Structures are given as C-alpha cells and as structure tokens.
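Chains as they are written, first to last, in the UniProt record's numbering: chain A, 1 to 507; chain B, 1 to 319; chain C, 1 to 367.
Bear in mind the hints are in silico, worked out from the structure with no lab data behind them. No experiment lies behind these values; they were computed from the predicted model shown. Some hints here could point you the wrong way.
[Stated by the list, open to error] A few chain C residues that face chain B, going by a derived Cβ cut-off under 10 Å, partial list only:
no., residue
1, A121
2, L132
3, P134
4, K142
5, Y154
6, A157
7, N161
8, A291
9, V333
[As the list claims (entries may be wrong)] Derived contacts from chain A toward chain B, CB cut-off under 10 Å, selection only:
no., residue
10, Y53
11, T104
12, D464
We treat Cβ as the ideally placed atom computed from N, Cα and C, and that holds for glycine.
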Amino acid sequence: MPAVSLHGITKRFPGVVANDGVDFEAAEGEVHALLGENGAGKSTLSNILTGLYRPDEGSVELYGERVEFDSPRDALNAGICMVHQHFRLVPPFTVAENVILGDTRGESGRFLVHPRHIERRVAELGERYRIAVDPRARVWQLSLGEQQRVEILKALYREAKILILDEPTAVLTPQEAESLFITLRAMAAEGRTVIFISHKLHEVTAVADRVTVLRGGKTVATVDTAESTTQSLASLMVGREVDVATRVPREITIGGPVLELAGVGATGDRGAEALHDVTMTVRSGEIVAVAGVAGNGQRELAEAITGMRPTTAGTITVDGKPLKGGDAREAIHAGVAHVPEDRLHTGVAPSLSIASNTVLKSYRGAQIAHGPLLRLSAIKERALSLITNYDVRTSGPNVPARQLSGGNLQKVVLGREFSGEPRVLIAASPTRGLDVSAIETVHRYLREGATGGMGIVLISEDLDEILALADRIVVMYEGRIVGELDAETATKDALGLLMAGVTEPVA
Amino acid sequence: MNNSILVVVLASAVTYGTPLLYSALGELVAERSGVLNLGVEGMMLVGAVMGFWAVQTIPGPGPLVLIIAVCVAAIAAGLMALIHAFLVITLRANQIVSGLALTIFAGAGGLSSYLGNDLNLADAPAKHAFGAFFPHSMQTLPVVGPIFFEQNALVFVAWLFVGGVAFYLARTRPGLNLKAVGEAPAAADAMGINVTRTRYIHTVVGGAFAGIGGATFSLAITPQWVDGLTQGAGWIAIALVIFAFWRPALCLVGAYFFGAFAGLPFTLQARGVTVAPELFQALPYVMTILVLVTVSAAGARRRLGAPGALGTPYVREER
Amino acid sequence: MIRVERRLEQPRWLSLAVPIGSLIVAFVVMTGVLLVTGHDPATTFRRLFDSAFLGSAELNATFVSATPLLFTGLCAAVAFRMQLFNIGGEGQLYVGAIFAAAAALLVSGVPGVVAIPLMIAAGALGGALFALIPAVLRAFLKTNEIIVSLMLNYVAALVLNYLIFDSLSYWRDTSSPEAKVFPQGKPLPDAASWPLSHIGGLELPFGLLLGIVIAGVVWVLYSRTRFGFEVQVIGDSPRAATYAGMRTRRKILAVMALSGAIAGIGGASQDGDVRHLLDARGLSAAGYGYAGIVVAALARYNPFAVVLVAFLLGGIQNAGYTLQGADFPSGLVGVMQGLILFCALGGELLIRHRIRFERRRPAESVA
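Chain A extracted, bound-state conformation (with noise of 0.2 Å):
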C-alpha cells in the first residue's frame, strides 16, 4: 500500500490547467523524484498534497485512505510537511520558534511558550540528522543552506511521515547537496516518505529510488532510477530526445576588454559587505560565467555594474571610460545592457504594457522622445517590431508584460537589451524557471550577442548552463572571486569545491 497516492487530480488556474489529471504514487521508506520542466505541474501538484491548494478534481489517499486538506494544517495533521523554494520561515524569530510554530502536538501544544525545553529537542534533532543549527540564532542571520536545516528540522520535530522538498539543491554547493542527500536517505530508512522535486536530472538520479515525471501538468511515467538513464529521463521529461546541456560549439573572435572591474566592493541590503576587492575583465566576443552558490554576491555583482548598487571601492570600467557608480542611467549609457535576475518585477514594470516595457530605458531618447512628450506612435512601432523580431507569442502590445509566460517575458527584455546596441551585457540566472524551449532560446541569443562583439557575464548558479554555455569562469564565494577556470577543461567537482571556498588543491 503506497504512502501517498494521487487520482486523476487536476488543477485549473485562470488561464492555464496546472495539473491535467495527474496521477502520482510514492512508498512508504522511499525517496521519490518528482520530475519536471518548468511549468510542468511540480509544485502545483505538492501545494495540492500539502493542503495549501485544492483540486478541482480527483482524490488524494494516504495509507490507503481518502484524504480531504481543506487547509494546510490538515495536510500537517496527517503528517505531512514541505521544504518551499521560497522557505516559509518568520526572518525575526529563533530557529527554535518557528520549530514550534502552528504544532499543536503535546509539549509545544499548550497554550504557554517554553522556549527553552523546545531548543534542547530541536538540538538534539540536529545533531540526530546532522544538520545543526544554533536553536536561538534568529532566522534572518542564517545562510539560505542554514535556513533550509529549520526547515527540515521543523518537518522531524513534527515527526512528519512524509516530507516534500521542492528544488531544495539551488541554495547548496555541490558538496552540500551531496550531505542533504544522506541526511534524506536517513530519513526515507526510518520509513518515512521523501518526496523531492527537481528539474536536475543527475540530482534525480543521485538521490531517488523511483522518478514521475511530470509534463505539461500531466504525468508521462513513474520508473524506477536504476533502470533509467539521464537521457532517458531528460526525453521523458522534454517530450522529445535532447541533449542535456552539451557545449555548443561557437566561433569566438575574442577582442579588446570591454568590461574592467579593479578591486570593487560593496555592501549588501543589510548593510553588510558583499562584495570584496572584486577583480575581472571581460573582452569582447567572450561569455564569462560567475558560478557560485545563491548569495554569494552575484546579485550586488550584477547591480553593482549596472549601477543600481553603489560601489564602495574600486573602479567599473567599460569600454574604456570609468564609471562613477551608483547610476544605472550612467551604465546604461555607457553600453551596459543588463537581463535581471527578478525579470517580473525588475526586468519589467509587470502591470504596464509590452510597449511601454519595450521603451523602459529609451523612453528618454529623440525616437521616442519629443522634448518633454512621448511619441505614443513610435512607442508603438517599436513593440511590435519587437514581437515580431523576437517572436514574442502575445496578442498585441498593449498587453500588461505580467501576462506573458516566462519565456515570452525574458524575450522582451533580451529584446529591449539588444536594441540598445550595448558593448556587455550582464545576464543573471537568465533561464531560471523557463521551459526547455525558451532556455535554448535565451541561450541561443546569448550566443549570438557574444559572436556579434558583446562581452557578456552570465551570472548562474546552474552549473550545466554555465559549461554549456561559458569561455571562462569565475567562482564567487563569500563575496570575493575565488577561483577561475577555463571553461573547456572545468569540472564539477573543481568548480562546487571552490564554490564551498575551498581554495587549497585537493590531494
């Protein structure tokens, strides 16, 4: 009798069919991969088990018997529980307070709050399952891989049968991931359930005993990891036979520096420094990626060379010409075209049109421009140049940009980058949440920009992305540029040990 069990459950939003009756089963004592794209249904299909959405249709069973979640607690109360992507932690409460928070069980049940008794238990847990974290550090002092350990630790204080963990790898090293892994085969041996969703398939393999593989929001196939190659999960997973993330090859006509970072730093949003004596070049015609694990500094990298965060020493210069800093006007002026990270809400005002979106950073220039008015008309033609330029499915500009898929966004954006003619441009997590098509897409473009003389920074954490795509790359770690390998010869394992900070050879 399986421990989890999905019928037939389907899942409508405005506009799209999330989960298309899906069908799902996982045993008792197993690690099970749910795999997916991007949109695939993945995480639709865990808010349905942990009572955080209902199905339009189908039944849920656990242990053979039918389950109603009319809220998450009820998911909870059957000894469900689910590691987010985006974690659900209160940033200004102990680890220990949101160990207990919303367990109505025995001890932390009662009305009073002892802190005190809760912290030795979540202790000890963690030493248990080897991942300890200080009960009375405050959430918002931890490192996103210490933050995911409450998570975790939230799930065994509650003796949860069941764990989910959606995408839990992008916040961990190599290394770490590697140690996640024991401590969820720990748990799947004391006979609880680990269902872990990822759309990395060496992950999958890694750690699974059986894979679903979810596409379009329906279920393809449930096969069993020794059986299965990553390529044929990759075909599973895409629909059609791909190549996972091989090299393409590119002719590179390498020219002058047209990026020069001497020594910058910076501070964080907490007023901390995040960037340290940061020191690179990037030359024309060349793709260099920045691996590192998320918060590492890659973000304020990114802003601080698109001037959307001050520098606090060294000098940006870009080609040729030094910049004050602080100033994205400046930098985009100087040639610097930049694809965000958060490309709904930076990338793009979402609830203005594609038209206006398409003139976000030429709106002051004579096309557009006449004195203090806009030329509605030209912003107009510029739109829909660009839909039809970069294919951008939509039914017209004046469509608010949070209405597009991901894809379609992140080509508006690539779209409006490129039109500015730029000599860099910065592209961080560039791919992030798009589907297969739109990845080669975007990485198809990148390409290109490269080949036609831009120097572009490919800010990732997906280590495939980057030696599919780089020339060179520099590792973050802790603020600082650790490593630099060639991207030819440059290995996991070599880029997730610097990426852990480890700098000394390794015998």
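Chain A is already provided as a structure; the job is to place chains B and C on it using the hints.
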C-alpha cells in the same frame, strides 16, 4: 505638595494618557497581525457615544451599568473595526484608504455624530461616571494621592491590559501565531495557522480596545457626550504605536508621556503661565516624526519592531 | 465557498460600472440606516438632492463646496498614482491658505490681476514646501510618508490655530476691540477676491475653473510625457524604475511637491473664492484633505473623474450644511461619504478580480 506643578502634570498625564493607552494597545494588536487601521479616531468616537448611551439608558446600579457601558463601547467599536477587516482582509482593499474611510464614516461629522444626535445624548450630564477608585483618605496622600489614588478604575484596568497584551505576545501560542501572521503570513499559513481568522480577530479586538479608549473620555474624563469629543486622540494613538516600537510596555510609557502634553496647557493656564497650547499639542506628532526619522536613518535594522507584513494583504492562491 | 481570482483582463466597462454600482449600493445601505433610525429615506434623499443639485443657487453652492474637494482630490490622485501615499492634503491646504493670505495681505493695494496670480503662486509654494517634508524624508531616509504626512496635518492645523487664536500674528485681525475678543483673520483686500464666472445663471468660482484646468494638465502630464511615464513605472515597480535608470528620488520630490502645490492652491482658493480671510476654524472643521482622498479613490485616481466625483460629493457636503438642523439627521454626510468609499473600495476588487462561487466540495472524480 500635591499642588506642585510636577504632581499635577503627572496626574493629568495619567488621566489623559489612559484613553491613548487603550487605543494604542488596540492598534498595536491589529498592526501586529499586519493590519494597519487608521480608523482609530472614528472607532473611539463610536465607542464614546455608545458607551455614553448605555450609561444614560440602562437601568441598574452604577458600577454594573458602567461595566456594561464599557462593554457596549467595545462591541460598537469592534463592529466598526469589522468593516475595515472585511474590506482589507477579505476584499484586499488599500488599508490606508479604508482606514481613512472608517474615520470619515464613523468619526466626527459621521456615524458618531449621527448617533449622538439621534439618541439625544448631547449636553446631558452623565447618570453614572467613573470616579476615583480608592477611598478619599488615600487620595490626600502626598504625591501618590493625586497621581495614583485619585484615578478611576479604567486607569488601573489599562495596566492589566498592558500586562495582558505583553504576556500574550511574548509567552503564549496564539501570541506567537499572531506575530508570525504579521511578520510572514505565507510562513504562518504553511504551518497551518489561519491567517485570515487571526487577522480578523485581532483587528476587531483592536477596535474594541479603541472603543474602550473612547469610552474613557465619555465615561470618565469629560464625562458627557460632545460631538468630536476625542479631539484627535485617535491619531495620537496611531503615532504612539510607532513611538513605542510596537511594544506594549513602551506604549504605557509613551501614553503617559503624550498624555502629559494633552494636560499641560490647561495646568499651565490655571497657573497663569501663558504658553501657546498648540506648542504642547504638536509635540506628540513632531516627536513621532522624529522617532520615525531616527528609526529609518538607523538603516540596516530599520524595522525595529514594525511587523514585516504591515499593510499588505495576504493572498494564498494567486499566481 | 467564495473564491477570488485575479482577472487576466479587465473589461473597460467595469471601470465605469463599478463606481456607479458602488454609489447605488451605498445609497441602498444608507436607506437601511435611515429606516432603522426612524427617518424617512425618501424625504431625506429628496431634500439632500434638492438642496445639492436642483436650482441655480443650490448648484452655485455646490460648486463652492466642490472646489476644495477638486484640489485635494487631485492632490491625492497625483501622489497615489505613484504609490506615494500623501495623505497630507489637509495640512498642505492649510499651509497654502496661510501663504496665499500672507501674499494677499502683503501686496494690498495692487489690482486683482497681480494679487490673484501671486496668491496662487504663494499657495502652491506653501503647499509644495510643506509636502516636501515627508518627501525629503521618504526620498533620502525611506521614512514612511503616510505617517509623516498624517502627523503633519495636525501640526499644520495647530499652526493655523496658533496664528489666529493664540498669537497676534500678521494674519490676525487686531483692528477693533471685538476682533481682539473674538479672534479671526484679517480681512483680505478686495483685489484678492477671486472673480466669479457667470454662465447662464450659474456662478462658477475661479478656483473651480482653475482646478479643472489643473486636472487637464495633470492628465496630459501623466499620460503623454516622459515624466508621466516615469511616474507610471515607479508606481508599478520601483525596482524596474531603478533598473531603467530613472531618478526615483527626484521623482518622489517632484510628485510630492506637485501634489502639495495642488492642495496649496486649494488653500489659496479658499482664501480668494470663499472666505476672504485666513479662516482657521472654518478650514480645519471642513476636513477637505481627507474628503479629497475619498474623491481620488472613488475616481480611481483619474484626474477627469476627480472633477466629476468632487462635484458629486461637493453636492452632498453642501446639502449637509444647508440642511443642518433639528429635523435633518446630522452626521449624515460623513456616513454617506464613508459608505460610498467603502463600496468603492469593495468594488475595486471586482475590477481587478473575478469572484467565483463554488460548492464546498469540488467535483468528485470517478474513482
């Protein structure tokens, strides 16, 4: 000695600080759940008018009638808060506009005036009012007499409220849930806490507190019904919550501090000192602005107690 | 079970239907309130309507009431469009009135063509300067502009009070013994009285016409210029604005100054159109600033709609004053305004979201 200016000022600080304290505690509770309610002034006035109505209409022994009147005031103001709660929690309306709408709806020139007029409450002396809680002999004690023993029961009950709210927030599970909802509603929701219910309850309870604050005017300080009786105390209460960094104990201190400014002009005038009363009346507002500026200038630890999700609706099922 | 989902597209007709629907619902609720409290709704509404809109004298009075609401409504709309919650229109109007009165008093003796533009400029300057306090704090220290502008309303009201009631200031009338006992503002020179335009038996205050012109200017500014484009982007996503190289700080200062200046001209119009002295009590009793937020919200921050809504609410206010008395429910105006705004706020949800009613249990699938 009991006429010394310091004692008189302190005594009036406690008197005028008490309605501020109730209302600010109420606002604090609502804001801790993430709901900003700028309708305090309106809720206070509705509490004041309904409390006064209860005292004038309900027969029975004085103390009992007064207790009932306070409850009536709390319920009436709680109902006002319920309108706000429905608009901002269920209908996700802009909290600022909705709070202002509540003040226009319920405040001076609105429902409170309408009720005061229709129920014929104006210009009548109160049938019962809160008097000094302790016997006369204690009121004549030096210093503590006027400051402490001359005060009415509502002053002391307010202290219980402060202790209660502080304990609730720091030591109880519903208090922990409340803070989680105000800081990170998505996290609270994922952990099985009903965000909507938590916000409704605390917004309405916060409104009820404001009603008691209003009733403090009409049943103890004045005690009668005059249109617009609270004279802007509701806005000072909102300022006070910020001034107190969203902490109940600091609310107590701040309420008496601000209360002193409300009473000071009268005290000084009685002694023949002519200082423009506006100077003192403006101080709570100016000081609140200064506190806000200091806090925001402090930069990194900028929030200093302001609930993380204050003013933002929580929507679960939206993509 | 009720479910609320975001609309993918917002039908145009809704943005007209919803405000009208809101008004109707507000009137229905008001009818209930009147019935419960023993008033005859038909008579009450009839009298309200008669004394607001029927007859030229009534309409003229309504124009006078609508004028300040038009200014404060535009003040709120201009700032709220950029998600800048300036709720200090009240105080900015006071300061505008103080500055304009000072200007009028200072240049007494000059003809109206000089005095009136000076008053407008002074009022705008006063309102803008006062609005710059929260603006500077917001732009440079990220201090919450809502609370600061709210607090400053009270400071401005106290300053106004002080000038007339507790000091022998430049604005106070000290010419006669009675004036010393019953404090009031110094009468402004005749040249400072703003002209009335006569159109077919109706008298339009100069301030009202000026307000309509400003509404037009605001519309052009916000929908046709680079400035307006930046305001739209900042209002929608401040991060996108920073990303696009927009100077957000300057824009905060500019928009707040504009917003305050409009409220300040409203104050000048009070001096010039209506009161002809610095009327401390009259201004602070009216609560124009807060009513302006109601106007702006009901108009969905559209400058032309602000003109219409100001006229409507001005009518209700005017009727409220006229009918004040024993047999007319006092407080009715506030209750009405509050209800209309509640309904408009609720209606806003209908524009942005679709409401679906569902059975408690979702449809069962076949096992």
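Unmet hints by their number, sorted upward, for this structure | When the structure is compared with the hints, numbers 1, 2, 12 turn out to be violated.
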